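Asks: Numbering (numbering that gives the first Met the number 0), first residue to last: 0 to 159.
These are calculated hints, taken from the structure and not from any lab test.
Possibly wrong hints are sitting among the right ones.
[As the list claims (entries may be wrong)] Here are the simulated distance ranges between beta carbons:
1. Gln29 to Glu136: 37 to 43 Å
2. Lys147 to Pro104: 46 to 52 Å
3. Ala34 to Ser4: 20 to 26 Å
4. Gly26 to Pro72: 24 to 30 Å
5. Ser118 to Glu38: 20 to 26 Å
6. Gln55 to Thr116: 35 to 41 Å
7. Leu2 to Ala34: 17 to 23 Å
8. Ala42 to Tyr125: 33 to 39 Å
9. Ile91 to Gln70: 21 to 27 Å
[Claimed, not checked] Below 25 Å or equal to it, Euclidean Cα-Cα: the simulated BS3-like pairs (lysine-lysine) are:
10. Lys133 to Lys122
11. Lys130 to Lys147
12. Lys147 to Lys122
13. Lys123 to Lys133
14. Lys147 to Lys123
Note that this is a predicted model, so its numbers are computed, not measured.
Using N, Cα and C, we set each Cβ at its ideal position, and we do this for glycine too.
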Amino acid sequence: MGLFSFIKEAGEKLLGGKEAAAATPDGPSQEERNAKAAEAIAAYIATQNLGVSEVQVGYDGVQGQVTVQGQAPTQAAKEKVTLCCGNVSGVIHVDNQMSVAAPEPEAQYHDVVRGDTLSAIAKKFYGDANKYPKIFEANQPMLSHPDKIYPGQKLRIPPL
(Lines of atoms letter the chains of each structure in order from A and count residues from 1; the text may use other names and numbers.)
(Lines give C-alpha, C1' and ligand atoms only; values in the text may rest on other atoms or scores of the structure.)
Protein backbone atom coordinates (compact mmCIF):
# COMPACT_ATOMS: atom_id res chain seq x y z
CA MET A 1 0.00 0.00 0.00
CA GLY A 2 2.86 2.36 0.72
CA LEU A 3 3.12 5.75 2.34
CA PHE A 4 0.11 8.08 2.02
CA SER A 5 0.23 11.85 2.41
CA PHE A 6 -2.43 13.95 4.13
CA ILE A 7 -2.96 17.62 4.94
CA LYS A 8 -1.59 18.26 8.44
CA GLU A 9 -4.25 20.66 9.74
CA ALA A 10 -7.30 18.86 8.29
CA GLY A 11 -9.24 16.21 10.12
CA GLU A 12 -10.34 14.96 13.51
CA LYS A 13 -8.86 16.82 16.48
CA LEU A 14 -7.63 13.76 18.41
CA LEU A 15 -4.15 14.95 19.32
CA GLY A 16 -4.96 17.96 21.50
CA GLY A 17 -4.19 20.80 19.10
CA LYS A 18 -1.14 23.06 18.99
CA GLU A 19 -0.64 23.06 22.76
CA ALA A 20 -0.12 19.29 22.65
CA ALA A 21 2.74 19.73 20.20
CA ALA A 22 4.52 22.41 22.24
CA ALA A 23 7.30 21.12 24.43
CA THR A 24 7.56 22.62 27.90
CA PRO A 25 10.22 21.95 30.54
CA ASP A 26 7.69 20.62 33.06
CA GLY A 27 5.38 18.98 30.51
CA PRO A 28 5.38 15.52 28.97
CA SER A 29 8.29 14.46 26.79
CA GLN A 30 7.98 14.04 23.03
CA GLU A 31 7.97 10.28 23.56
CA GLU A 32 5.06 10.54 26.02
CA ARG A 33 3.11 12.80 23.64
CA ASN A 34 3.75 10.36 20.78
CA ALA A 35 2.51 7.43 22.88
CA LYS A 36 -0.63 9.34 23.92
CA ALA A 37 -1.34 10.29 20.28
CA ALA A 38 -0.83 6.69 19.14
CA GLU A 39 -3.31 5.54 21.80
CA ALA A 40 -5.87 8.14 20.67
CA ILE A 41 -5.55 7.06 17.03
CA ALA A 42 -5.83 3.37 17.97
CA ALA A 43 -8.95 4.14 20.02
CA TYR A 44 -10.43 6.06 17.08
CA ILE A 45 -9.80 3.09 14.77
CA ALA A 46 -11.50 0.80 17.29
CA THR A 47 -14.63 3.01 17.37
CA GLN A 48 -15.07 2.57 13.61
CA ASN A 49 -15.82 -1.18 13.97
CA LEU A 50 -13.84 -2.17 10.88
CA GLY A 51 -13.19 -5.75 11.99
CA VAL A 52 -9.42 -5.25 12.22
CA SER A 53 -7.39 -7.10 14.84
CA GLU A 54 -4.00 -6.90 16.54
CA VAL A 55 -3.82 -3.18 15.71
CA GLN A 56 -0.59 -1.49 16.73
CA VAL A 57 -0.20 2.24 16.12
CA GLY A 58 3.00 4.25 16.30
CA TYR A 59 3.10 8.05 16.01
CA ASP A 60 6.06 10.33 15.33
CA GLY A 61 4.92 13.88 16.17
CA VAL A 62 8.06 15.50 14.75
CA GLN A 63 7.46 13.91 11.33
CA GLY A 64 3.66 13.84 11.63
CA GLN A 65 3.73 10.17 10.67
CA VAL A 66 1.55 7.28 11.79
CA THR A 67 2.66 3.68 11.32
CA VAL A 68 -0.05 1.07 11.74
CA GLN A 69 0.22 -2.71 11.81
CA GLY A 70 -2.25 -5.51 12.35
CA GLN A 71 -4.66 -7.72 10.46
CA ALA A 72 -7.51 -6.47 8.25
CA PRO A 73 -10.26 -8.79 6.99
CA THR A 74 -10.52 -6.99 3.62
CA GLN A 75 -8.65 -4.50 1.47
CA ALA A 76 -11.47 -2.01 2.13
CA ALA A 77 -10.97 -2.30 5.91
CA LYS A 78 -7.21 -1.77 5.50
CA GLU A 79 -7.83 1.33 3.38
CA LYS A 80 -10.35 2.68 5.90
CA VAL A 81 -7.73 2.30 8.63
CA THR A 82 -5.39 4.43 6.51
CA LEU A 83 -8.11 7.09 6.31
CA CYS A 84 -8.80 6.86 10.06
CA CYS A 85 -5.13 7.55 10.74
CA GLY A 86 -4.59 10.18 8.07
CA ASN A 87 -7.74 12.22 8.49
CA VAL A 88 -6.52 13.32 11.92
CA SER A 89 -5.25 16.85 12.43
CA GLY A 90 -1.47 16.76 12.85
CA VAL A 91 -0.92 13.69 10.66
CA ILE A 92 0.96 14.20 7.40
CA HIS A 93 1.89 10.63 6.44
CA VAL A 94 0.48 7.15 7.08
CA ASP A 95 2.50 3.99 6.62
CA ASN A 96 -0.08 1.19 6.66
CA GLN A 97 1.73 -2.12 7.13
CA MET A 98 -1.40 -4.17 7.91
CA SER A 99 -1.82 -7.56 6.31
CA VAL A 100 -5.07 -8.43 4.54
CA ALA A 101 -6.87 -11.75 4.87
CA ALA A 102 -8.64 -11.34 1.49
CA PRO A 103 -6.51 -9.18 -0.85
CA GLU A 104 -8.37 -7.18 -3.52
CA PRO A 105 -7.41 -4.40 -5.93
CA GLU A 106 -6.57 -1.14 -4.17
CA ALA A 107 -8.91 1.84 -4.33
CA GLN A 108 -8.00 5.28 -5.64
CA TYR A 109 -8.02 8.34 -3.38
CA HIS A 110 -9.25 11.89 -3.73
CA ASP A 111 -8.24 14.96 -1.71
CA VAL A 112 -11.33 17.08 -1.13
CA VAL A 113 -11.01 20.71 -2.21
CA ARG A 114 -13.30 23.65 -1.61
CA GLY A 115 -16.50 23.26 -3.64
CA ASP A 116 -16.26 19.47 -3.98
CA THR A 117 -19.38 17.35 -3.56
CA LEU A 118 -19.64 13.59 -3.61
CA SER A 119 -21.66 13.91 -6.84
CA ALA A 120 -18.89 15.90 -8.51
CA ILE A 121 -16.28 13.42 -7.32
CA ALA A 122 -18.39 10.51 -8.62
CA LYS A 123 -18.70 12.28 -12.00
CA LYS A 124 -14.90 12.72 -12.12
CA PHE A 125 -14.03 9.10 -11.23
CA TYR A 126 -17.02 7.15 -12.54
CA GLY A 127 -18.45 9.42 -15.24
CA ASP A 128 -21.81 9.43 -13.43
CA ALA A 129 -22.73 11.85 -10.61
CA ASN A 130 -25.48 9.47 -9.45
CA LYS A 131 -22.83 6.96 -8.32
CA TYR A 132 -21.97 9.16 -5.30
CA PRO A 133 -23.54 6.62 -2.84
CA LYS A 134 -20.72 4.20 -3.76
CA ILE A 135 -18.16 6.75 -2.52
CA PHE A 136 -20.23 7.57 0.56
CA GLU A 137 -20.53 3.88 1.50
CA ALA A 138 -16.81 3.33 0.87
CA ASN A 139 -15.99 6.00 3.45
CA GLN A 140 -18.42 5.02 6.17
CA PRO A 141 -18.35 5.14 9.14
CA MET A 142 -15.89 8.07 8.88
CA LEU A 143 -18.52 9.97 6.86
CA SER A 144 -21.81 10.43 8.66
CA HIS A 145 -23.68 12.20 5.85
CA PRO A 146 -23.04 12.64 2.09
CA ASP A 147 -23.05 16.43 2.43
CA LYS A 148 -20.49 16.51 5.24
CA ILE A 149 -17.10 16.47 3.55
CA TYR A 150 -14.46 19.13 4.10
CA PRO A 151 -11.43 20.52 2.25
CA GLY A 152 -8.28 18.58 3.05
CA GLN A 153 -10.11 15.33 3.75
CA LYS A 154 -8.92 12.28 1.81
CA LEU A 155 -11.65 9.97 0.47
CA ARG A 156 -11.44 6.37 -0.68
CA ILE A 157 -12.73 5.86 -4.25
CA PRO A 158 -13.37 2.15 -4.76
CA PRO A 159 -13.45 0.54 -8.18
CA LEU A 160 -16.93 0.05 -9.61
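Asks: Each hint should be assessed against the structure and marked as holding or not.
Replies: Results of checking the hints against the structure:
| no. | hint | verdict |
| --- | --- | --- |
| 1 | Gln29 to Glu136: 37 to 43 Å | 39 Å, holds |
| 2 | Lys147 to Pro104: 46 to 52 Å | 28 Å, violated |
| 3 | Ala34 to Ser4: 20 to 26 Å | 24 Å, holds |
| 4 | Gly26 to Pro72: 24 to 30 Å | 40 Å, violated |
| 5 | Ser118 to Glu38: 20 to 26 Å | 37 Å, violated |
| 6 | Gln55 to Thr116: 35 to 41 Å | 36 Å, holds |
| 7 | Leu2 to Ala34: 17 to 23 Å | 22 Å, holds |
| 8 | Ala42 to Tyr125: 33 to 39 Å | 34 Å, holds |
| 9 | Ile91 to Gln70: 21 to 27 Å | 25 Å, holds |
| 10 | Lys133 to Lys122 | 12 Å, holds |
| 11 | Lys130 to Lys147 | 17 Å, holds |
| 12 | Lys147 to Lys122 | 18 Å, holds |
| 13 | Lys123 to Lys133 | 13 Å, holds |
| 14 | Lys147 to Lys123 | 19 Å, holds |
The structure is inconsistent with the numbered hints 2, 4 and 5, although it conforms to all the rest.
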